[in-house]
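Bring the two chains, given one by one in their own frames, into a single complex with the hints.
Keeping their order, the protein sequence lines are chains A and B. Mind the numbering: the first sequence is residues 1 to 544 in the numbering used here, read in order. Mind the numbering: the second sequence is residues 1 to 181 in the numbering used here, read in order.
Just so you know, these hints were derived from the structure itself, not from any lab. Ideal placement from N, C-alpha and C gives every residue a C-beta, glycine not left out. Treat the hints loosely; a few may be bogus.
Said to hold, decoys possible - To list a few chain B residues with every Cβ distance to chain A over 12 Å, as calculated:
#, residue
1, Asp38
2, Asp83
3, Ser112
4, Phe128
Said to hold, decoys possible - Distance condition first, Cα-Cα at most 27 Å in a straight line; then the derived DSSO-like pairs of lysine-lysine:
#, chain 1, residue 1, chain 2, residue 2
5, A, Lys472, B, Lys147
6, B, Lys67, A, Lys31
7, B, Lys67, A, Lys472
8, B, Lys147, A, Lys221
9, A, Lys153, A, Lys246
10, A, Lys385, A, Lys523
11, B, Lys137, A, Lys31
12, A, Lys472, A, Lys276
13, A, Lys472, B, Lys137
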Amino acid sequence: MSSDMPKPEELARVSFQPPESDWMDTPVQFKSGTYNFPAAKKNVEYLKMPNPHAWAVDDKDWMLGDKWKEKILDGISDRLQKFRSFSLFMDICVRCGACADKCHFFMGSGDPKNMPVLRAELLRSIYRKNFTVAGKLLGSLAGGRELTEDVIKEWYYYFYQCTECRRCSVFCPYGIDTAEITMIGRELLYELGLGINWALEPAANCFRTGNHLGLQPHTFKDNIEFVVDELETATGINAMPSFNRKGAEILFITPSADVFAEPAIYTLMGYLLLFKYLDLDVTFSSYASEGGNFGLFTSHDTIKSLNAKMYHEAERLGVKWILGGECGHMWRVVHQYMDTLNGPANHLEVPRSPITGTVFENTRSTKMVHICEFTADLIKHNKLKLDPRRNRKVIPTFHDSCNPARALGLFEEPRYILRNVCEQFYEMPENTIREQTFCCAGGAGLGNDENMEMRLRGGLPRGNAVSYVRDKHGVNMLACICAIDKATLPPLVEYWAPGVGVCGVHELLGNALIMPGESEERKAGKINLRAEEDDDESEGGGDV
Amino acid sequence: MEEPLLTHKRATLTQRWTDAVLNTYPADSARFMRRQKDAFANPGGHLVRQCIEALVDALEQGVEVAKVDAALEGLLKLRALQDFTPAQAVQFVFIAKTILREELSLPAGDPSWERWDTRIDALALVAFDVYMRCREKVYEVRYNQLKKLNHVMLERANRPATHARSNGSSEWEPNDRGDEG
Numbered sequence: 001m002s003s004d005m006p007k008p009e010e011l012a013r014v015s016f017q018p019p020e021s022d023w024m025d026t027p028v029q030f031k032s033g034t035y036n037f038p039a040a041k042k043n044v045e046y047l048k049m050p051n052p053h054a055w056a057v058d059d060k061d062w063m064l065g066d067k068w069k070e071k072i073l074d075g076i077s078d079r080l081q082k083f084r085s086f087s088l089f090m091d092i093c094v095r096c097g098a099c100a101d102k103c104h105f106f107m108g109s110g111d112p113k114n115m116p117v118l119r120a121e122l123l124r125s126i127y128r129k130n131f132t133v134a135g136k137l138l139g140s141l142a143g144g145r146e147l148t149e150d151v152i153k154e155w156y157y158y159f160y161q162c163t164e165c166r167r168c169s170v171f172c173p174y175g176i177d178t179a180e181i182t183m184i185g186r187e188l189l190y191e192l193g194l195g196i197n198w199a200l201e202p203a204a205n206c207f208r209t210g211n212h213l214g215l216q217p218h219t220f221k222d223n224i225e226f227v228v229d230e231l232e233t234a235t236g237i238n239a240m241p242s243f244n245r246k247g248a249e250i251l252f253i254t255p256s257a258d259v260f261a262e263p264a265i266y267t268l269m270g271y272l273l274l275f276k277y278l279d280l281d282v283t284f285s286s287y288a289s290e291g292g293n294f295g296l297f298t299s300h301d302t303i304k305s306l307n308a309k310m311y312h313e314a315e316r317l318g319v320k321w322i323l324g325g326e327c328g329h330m331w332r333v334v335h336q337y338m339d340t341l342n343g344p345a346n347h348l349e350v351p352r353s354p355i356t357g358t359v360f361e362n363t364r365s366t367k368m369v370h371i372c373e374f375t376a377d378l379i380k381h382n383k384l385k386l387d388p389r390r391n392r393k394v395i396p397t398f399h400d401s402c403n404p405a406r407a408l409g410l411f412e413e414p415r416y417i418l419r420n421v422c423e424q425f426y427e428m429p430e431n432t433i434r435e436q437t438f439c440c441a442g443g444a445g446l447g448n449d450e451n452m453e454m455r456l457r458g459g460l461p462r463g464n465a466v467s468y469v470r471d472k473h474g475v476n477m478l479a480c481i482c483a484i485d486k487a488t489l490p491p492l493v494e495y496w497a498p499g500v501g502v503c504g505v506h507e508l509l510g511n512a513l514i515m516p517g518e519s520e521e522r523k524a525g526k527i528n529l530r531a532e533e534d535d536d537e538s539e540g541g542g543d544v
Numbered sequence: 001m002e003e004p005l006l007t008h009k010r011a012t013l014t015q016r017w018t019d020a021v022l023n024t025y026p027a028d029s030a031r032f033m034r035r036q037k038d039a040f041a042n043p044g045g046h047l048v049r050q051c052i053e054a055l056v057d058a059l060e061q062g063v064e065v066a067k068v069d070a071a072l073e074g075l076l077k078l079r080a081l082q083d084f085t086p087a088q089a090v091q092f093v094f095i096a097k098t099i100l101r102e103e104l105s106l107p108a109g110d111p112s113w114e115r116w117d118t119r120i121d122a123l124a125l126v127a128f129d130v131y132m133r134c135r136e137k138v139y140e141v142r143y144n145q146l147k148k149l150n151h152v153m154l155e156r157a158n159r160p161a162t163h164a165r166s167n168g169s170s171e172w173e174p175n176d177r178g179d180e181g
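In isolation and in its complexed conformation, chain B is listed as follows (with noise of 0.2 Å):
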């Protein structure tokens, strides 16, 4: 009977894993994340809370890639944006394992260890391949930014335009009037 174990412990896990990601915050940043509970005022401390909780529902219940991949998306989407280094930015995932062997009074060669281990690492693959996703988005959004900012003058000048779309569509498409300049 190894879920009950961690379901015994979910709430102090959660809060701790939490209270983690929140500390590589600035002290007085991280104070403010903690308090407000609003998902709208507070829309970075309510990421870090959605995340939280699906990663410990992971650990429970085993890794759904798909359903690991969202959360993480959630918070690594702002992380990717913020100061941190790409270690910096999902090393979160990792501090489960300190977590764990902290709260967990189980003896260091007890087999389940293995299992979390296993889960951790995991979500760890996960949160990368996240993390550089997130990466590669903010450069297409910032080449498609360049398009688009071209793109009427580009029409104007019968050159091939790009037809990037206000809804993001970013495919190369042939000027319309066959007059490809």
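If we strip away everything but chain A, and leave its shape as in the complex, we get (with noise of 0.2 Å):
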């Protein structure tokens, strides 16, 4: 042994305790797994966007273009006079640090910088030194401090680090929505092109051909083909829908991933399979070809205009009101945008059931029900005949998606669905759903494959919940109605909770739906809609 080597008493002395330093004066750090790669320059310019240009985060300069530091703060200024929330936001907080364990990535993360108060912060301080005049006298004193590329890099790290999901607004005492904050940091980093691919090549897509994976219309059409396909070999049962159809009653619009991603294909099936059982007089839109708005990770006017699309479409083919499907950001936008921005659908009627007759009142203004809305009240009437004996291996869960739960608040009817559809249902601890609900951590653009790592660390709170059940109640399926939630809890679960699966509310009420003409291996739930096959007639516990 060499005589420098340390000894074991030496080692153990060695401190890796971080040292204390300032959050102003710590720079940020990029390490692999826990960033997002830049937006494509063409996406940049196909959205008529600032500053196109390639660059990568581990360049040195990121060539922010002339004038960047003017750019910056005529956005915050513009922004100022413009958004009331946004001037109230940066002046009122009193840092009581009641959001500050609050947020997914710093439980995960433990890096305080996504203490949700800190987050703020970072744009905060900006603020106080070039518009207060506190700040303007006494700098850092007063919260201040001075605009550097060193701030860009930190901005996009931590403002792509915020799922936008609003759980730290639920227990401000001034109800200030950091996700909005978020919203505003990306506009400004976007004035100098700064934005990120995953939030905004789906956006191009979807100016682009209406959805966001780009699909063309055709293209579209004939994914839901294909899916009509794969269950009728799983029900024997034909659920073709129409498109384009003029002068149907209802246009329905769903998340594209429904069309084309697992899970979430086996909840379009299930959605199928409901149309048909009804006879509904829906029709879908290769046009208006998806429910998410990826404005909401963009910019207000891309927020705008996606919305805009799905209404300008309703109102070409005539329909009354639109039934919107398991979405996240969808229904934020229409719940709480859409209004102040493309103002009340007045060309559409005020929904109501056709087989119930119950007027959605709630969506007097938007004209869109949640399809959880519309089948709990079917339900709740008695129209659909159920077995939930078909899902007897299913021990599900429900993780309340961040924008259904907090912003349309709807709580009660996925879970009345659930508990129809199956034998067993259990809840996750209080303090994990409802509004209190933790996220995926792969909303707002984050959820991409490079990024995996700092979504890993974001899933901790939501994966401990879901494996404290699993141990506890034996639960083996993670419901939800979310697409993205459908994409990025997989990884979830398989990190922090194996043995779990996800699916959709409507995948399981489609495996439960006593469909006329159905095939005799589904009538005796021999048969779910993955195709899997089951002759064991064993209750609960299995592979699902």
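Rendered as structure tokens:
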């Protein structure tokens, strides 16, 4: 052994305690797996956003362009005048700390800059320095700081480490909506051409072809036909919908992931069976082919355009109202932004269920009904024949998807459906569900592959609650009502709660629905929508 | 009678060891992780406490690999994801040596030191295994995610598809149509 080799005692004395430094003086470090790749230049160009350029996060020079400081400060000034909420949020925070430990990224990373209050301070410090008298005079003593390129890099790291889930805002005594601060922070970054690709490419694709993958109308239709074929194999039923049918009573809009991604396609199968069962006068549009409003991760202008697209299509087809699928951010936009941005949808009628006669008064302005409200109403009126035994192997819990929960207040309807289509149902602990639900950590454009380690960090609180009910009650399925959840929860549970699957609420409804003309196998509950065969008659607990 | 010696110091050892782990986080974060006791409001702090309790058990009662492995996995699953180097992630196991030396008033040559050190070394070896397993799992999750994204499109193109299911199984299966493209 060499003489300079440290002894065990010496090794044990090495301190790994992080040095104490103020957050303003702690520079951001980009570690592979914990940040998002920049938006491709073509997507920035397509969206006609400023300073399109090719750059990489590990480049020293991010090529912010001429007069970049002025652009940021003008951008802040412009938005302070435009959005009263933003102006309030910059001034009103008393740093009480109520939000500090409520963020899933804070819990999973242990990084103080993921405390919502500190994330907002990243922007507030620049606001104070440049827009308040105290900040101009006293600088850091008044919580202000200089705008530098390092600040921009820090913004990029942390404003793309917020999924805009709004859990923190539930706890804020002043009602500060940190998601809106993140949204403004991102808009300011766009002024310099600093977007992330997983937010801007879907937005660009939605502009171009109507859905986030950029599927052209015929391909979108073709994909649904493929799902219809698969559904027929599993059930013996042909549930082909109509497309772009003028004069239909209802236009159905769902996230496009439902037509091409697992496990979302099984949710689509559930919708299709339901529509067939009811003989509903409904049509799909191959143009307004995306429910998800990717503008919510991009800019207010993009939110407005993408939302308007759905309503223009409804007008073109002459439908009475819109039925919306299991989506997240579509519902935040419809419920909280649409009226301000595009005004009430006066060209449509107040939705009324043709089956039960229920008038959905809550949608008087938007004319758009959530499929879970629609289905829960059907079950309440005994309009569906259901056999929960067909889901006997499924022991679900329900993940409240952030936007339907906190933005739409949709808590009970999905649970009501689940209790009617499954033999068992267990809730996760109270402080992890309903308005306190934990995010999947992949929303708001962060659900990409390169950011996986950050997603898994942020997935800790949700995964922790899922593994608890798995161990306590044998829960083996995490049901949810958001396409992003269906894409991002599978890796989360694979890491944090192995043995638990992910599905949509309408997938389980589709399994339980007793359809006229269905196959004998299905009647006996021996095959589910995933075409998984099951000859075992035993109760619960098996693979699903 | 060596065991009661540790039993006597158990609460102090547990507290100091837990604090040592929490102190590897920035002070602003450690404060919250220390204060909030609810397992769902503070899953990180909960995992730390749960793991250290189990490790103290192992020091007292001897190292049962399966038990220790499960306890370490709870915490290292998180630390393997965080901004730690591998050494920083598992270093908290060795801290027990320092704490024991400060807390147990035994002379340096006392034969019981060998027993404590051996047990701590055993915990450290298990920690290395668990840490690596967690890192491998991260990459596996990422890899499965990529396969899954392409699954439906591959199936549509009649290519041999990866039947990655949402329950996380990841075995390769030939296309069941038999026309491998």
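message = I'd like to know which numbered hints this structure contradicts. Please list them from smallest to largest.
response = 1, 2, 5, 6, 9 and 12
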